[in-house]
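Chemist: Chain by chain, the residues:
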Amino acid sequence: MGDSVKRLGPAALALALLGSFVPAAAQELSLSFAAGGFRATDDAYREIYGSGTPWAAEVWLKSRGPFGLSAGFGRISQTGTALPLGEGGQEYPLKFVRTSIPVTVFYQFDFMTVGLRLGGGICFHSYREDWQTVDLAYDGRKAAPRFYAAATWTVAPRISVFGSAAYDSIPTGAGSLVAADVNLGGFQFMGGLSIRIF
Amino acid sequence: MRAVKTFSLIFLLCAGLFPYPGGETPSLVKIPKVPALTASALARSGVEVRQELQNCLLALADREEISRLRRMGVRPTVLDRSAGPKEYLLVSLATPGAMDALRARGTAVAVEPRTAVFWTGTAGAAEAVPAGLPRKVLAAFPVRVDLRPAAAGFPVPPAAAPDPLVETIVSLVSSSRLSSDVQSLQDFQTRYSSTTNCEAAGEYIFAAFTALGLDAVRFEQFPFSAYTSRNVVAELTGETYPDDIVVICGHYDSISPSAYRQTLAPGADDNASGTAAVLEAARVLAAYPLDFTVRFIAFSAEEWGLFGSRAHAAAAGQAGERVVGVINLDMIAYANSMPEDLQVIVNAASGWLADRFLAAATDYGDLAATKTVDASFIYSDHSPFWDNGYPALLAIEDNPLNNPYYHQTTDTIDKLNMTFFTGSTRAAVGLLAELAQPIRSGYPATPTGLAAAVVAYSSLFNDLTAVRLTWDVSPGAAGYNVYRTSQSHLGYVKLNDLPVTASNFLDEDLGSGGTFYYVVRAVDGTGLEGNPSREAEAALGSSVGRRATLSASVPLRLWGIR
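Listed in order, the protein sequences are those of chains A and B.
Quick note: the first sequence uses this note's numbering, first residue 1, plus one each step.
Quick note: the second sequence uses this note's numbering, first residue 1001, plus one each step.
Treat the hints with care, as some may be off.
So, partial list: chain B residues that the calculated Cβ filter (under 10 Å) puts toward chain A [unchecked claim]:
id, residue
1, 1337
2, 1341
3, 1452
4, 1456
5, 1457
6, 1465
Pair by pair, the computed Cβ-Cβ distance ranges are [stated by the list, open to error]:
id, chain 1, residue 1, chain 2, residue 2, range
7, B, 1046, A, 145, 51 to 57 Å
8, B, 1525, A, 55, 53 to 59 Å
9, B, 1216, A, 43, 55 to 61 Å
10, B, 1219, A, 87, 44 to 50 Å
11, A, 37, B, 1514, 41 to 47 Å
12, B, 1476, A, 35, 56 to 62 Å
Worth flagging that the hints you see were computed from the coordinates, not collected in a lab.
Since the structure is predicted, the reported quantities are computational estimates derived from the model, not experimental observations.
Backbone N, C-alpha and C define an ideal beta-carbon position, used for all residues, glycine too.
In isolation and in its complexed conformation, chain B is listed as follows (with noise of 0.2 Å):
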């Protein structure tokens, strides 16, 4: 007896003293962007990243997976030691004062300069953040990251010409129906989530999709806080790629100062403009038969921490959903100064979109738009989509903000500037047109599966590495056009002198390898060419590719002799 004593004593002893780990609670972690930390070294370490900042990464991690951080150099910072079902808010730190006031009523810690991470000792954090100050709620889920260095740069595309077509689609755009709509929105008094004005703005916004004659009009209801509300979900179906699809997007929900928001949140700018700017890509479009899918939404919830989109993203991402880019439209009407140029913010691996608006507010817009890489910009819904791996931006008046009415009762119409509103609008619709590609009758149909397979071929000294694309045959096409870049949708170079017959080809200067992009055309007997097709990527090894030709020029070594 004395012994089953002692053996459970020491049994709890070192129960105490080496606890398992598959009970503990994991703790809220801040981990640098340091060169040690690889894609594949996150990967081993097993922690689950719940944010990508432009800086560091937030993430949930017990003791083991933290050693395992700093055996690999990596150096983490312990933000909560018991994360558990907690709701943690980012939190933007711009407004002056933000940090004291989130600190009065929870706790708030500074993980970069300007985003504070806010949490509290009970449930309804998203509450408890001090009104007008951007905030967004962290993933329940582990989120996509994209270690690339940031802000390398990405090298500016030559300017490619308008499309005739394009341009007639955005000159369908109207500055009046732009500001009816901002209007419509506007005289719901308010739309701060919960409230029933804000679900009778959606029904409106419903009602115009539905009248568009737009295909799967819906609501798309999720829960937040205590309550539920509906983002306004449209799409216009490709014909050729039904499943890539192209999003636009606003949120139609707005905000004010606590005392008013059940009553008065105008939000003309943020975010009517938005919301109205997808109506209005929606009408424009609508009679255009695209190659890719267009999904027009109305977010809501956006103010309270981005729920509606999260909860969208979210969907898209476990369902495996191809989205090709998304472009979030967010305050896109006010001007404190003529002429205003937009702000276009993008993450690492977005670059590609902002390049493509850049060039689209020049060509359709007559805007000068700025880009910026900036993966702690979070706090609007393209932010969701990034951590969910799709390429998204955000395009937005001024960053940092300096509309003096943001968030407050006085956010109204006459307050917007209508030109730069309709150069903002025309700039997105341009670049969604050129994304979605409307087909044109008379040209030959847009080349369907594409594939890009990398084949190697060695001889006793030298390896060919090579990609082999193949594709359907178009109706109607006498040949086709190959195109070839390495960055994604910018740049396309055309790789054969003479229109290729066959429904394949392949591609030997490649280089020292890489990650290469194609698309195809198809050409008709006259020499019209069609819509590129569906991108399709080839990525080498960078120890594969073709060598150089090597010849012995060291004369000592001329015959091997050292």
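Chain A extracted, bound-state conformation (with noise of 0.2 Å):
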């Protein structure tokens, strides 16, 4: 229970700025969905996982002038397989997930049905890997900070196309004998529907 209510506090955050900043300056909120590819910059990540698919649902409130916030939920889910040192002939299966939830402020510039949306701010990880066929895991939170650039292109009257290209960078201070310090950031880009509430 205790855990739950750790794991939800920064969304709480990030809804209870959000609630604050709507009645005075909202212009615009929308909510968007969004999915790609993920590529870590940390080798051993790589070696271990290759590259992931993300997917994301965030919020975007605008206010009248050109500046805005963000929140919203992410999650990779990734398999590969353990490293063998030496002398390997086994293999043992390896799942690791991260969840993230994303709190920005992000700048736009608004060329007619374009918009290009500059960013950053804090993303708080939680992760955890397991070994799939021993008792191994390792669980850990991080937060960290994000930036990230995107482009929407509106469609339709509420609906808006967009792609964007993020960076996170979580150094862990953990690891293993093929990581001394596990940073689980890297690049991610994602493309999506965007949809205005009002």
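Build the complex from these two chains, which are given one at a time in their own frames, with help from the hints.
Modeler: Right, dumping it as structure tokens:
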């Protein structure tokens, strides 16, 4: 129970910020869904898990000016195989799941039906690595910065498509024999659909 | 010309002040076993250890090596500044007045409460040691050292059920044959090494081994003092592991006070008893095919300073022989009171052998035995095996000895307790048979080729260290059981629920590392389990192993924010 409360903490914080922002300055509220690809910067990560397919859902709140706030939820789930050190011969399947709750501020330029967003903020990551066939696992949490850029194209009065690129640096301070301090971050390229609520 | 003279003078002065270390005569030093004296520190120091005792090492070292030790926080004591090619003896001080007697004949320095180093200004220090004092000649080569904490105490393994086949073999041990052999050896009047009677006793043992049809019966000649003598050696060659050797031994030479020893030294207890037990072991095992080779040895010149065993163990070490364990029987037949318990003396590295002997004494000898870990108990033929890194035990009736006939002309067969003697022999034969593993007909063959390799796998946050075992397929095997222990030769635990059908196994459940020992036994279709294979060892670094599941639990650091 306590753990669940802790996990929901950042989301509650984000909602509170949005809640206080909406009545004051909100001009536009939209909801987006996206999926794409992820390339980790850590060599060991890429060697074990390769590239991944993250997905995300976010709420975008734009003020009357060019600034806005966003918050959401993202998840990446990957499978891989443990690296043998020396002689191998056995396969140990692994599963890695990272959930992220980003809270960011963005600046948006609009050119007719096209908008360009540049933003940054903090992202709360919760991750778990499991060995599928032996009793080994690792849980961790980390708050880390996120930077992103996105381009939107309004295709209908309330519907836009968009593409985005985000960069996270997530040094965990933990590791193994193949990676002393694992960085779970990397580049995330996504595409999706945005629906304007008002 | 004047400049040349000045230069020469300076050169000579410098040469005197800074002598070339390569030409320096080493000193004999005593090095205390302090925590700073680790195995790597000892190797870095460059000293040549010649004897390990319970609380110290005796070594040859030059000034630079002594300085190196001091810089490491170890304070050696110089015993003799000019070691040179001298003969040093370690002499037991258990006998009252021993130190005074030694000092009357040479230089003696106590290095431990019951041990002195003795030497004389001339060669032949062995002959200068007063009669009756147990002695050992200091090794002429660097010995292997075990720097594990002394007498740390080995957990006693859970008692395994006695092996019915070993029980059958042990039941063949005959009191009357033991008695007959002791009588025969006593009848040589003296077996003092250097006498022709001693050599004749060697011939008697040789003939007994030959009559049993043993393999490789041979004399092993060696020099000692101004003489030569012969060990008598025979083998039962193992069918599965012919190069892995279990040794049972005892010395056949004897001694008595110097006025009599050339003509009368019956040595019934010391050590016709041990020799007769070795002969009896050969008799009862000769009819059985074994997995491992058994080597039966009757040593000579033990009483002079372990010369026979020293020569044999050094040769075994130099040849790289794989000696599984050594059972040395020395004075196993005198009981000052009944029930008498047998003393089993080992060094730290041989603890498992003593534990196995204690179990065998209960299972097969109906005898109580007591284990003592004492690296300073070096006055019998097990000690040279320790020097060469082999596990070895000494079985002896009392520690300290309380046989009033010890080294006297009255050490005769009528003083022996045959019940105790037979029990001691049965215990030794029981352990010997367990280690050598008689091959049972109708059972699957003993697996061979067992090898253990440490393998490691890593994910982002976890490491898994495992041991991969591989072995050769055994004829007639439907599967295999894999056993593991963290103490060599003790307390194996089966790892698999159902027999393993492949000839390999991966042990992933290794906790936090350490050294593990494995054996594999073949199982046939009806569930009959054969003998265990040779032990395979896997050593894992302490920092490697399975890491526990980790999870952050400190709220303030929940998200890595400090």
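Chemist: Which of the listed hints are broken here?
Modeler: 1, 2, 3
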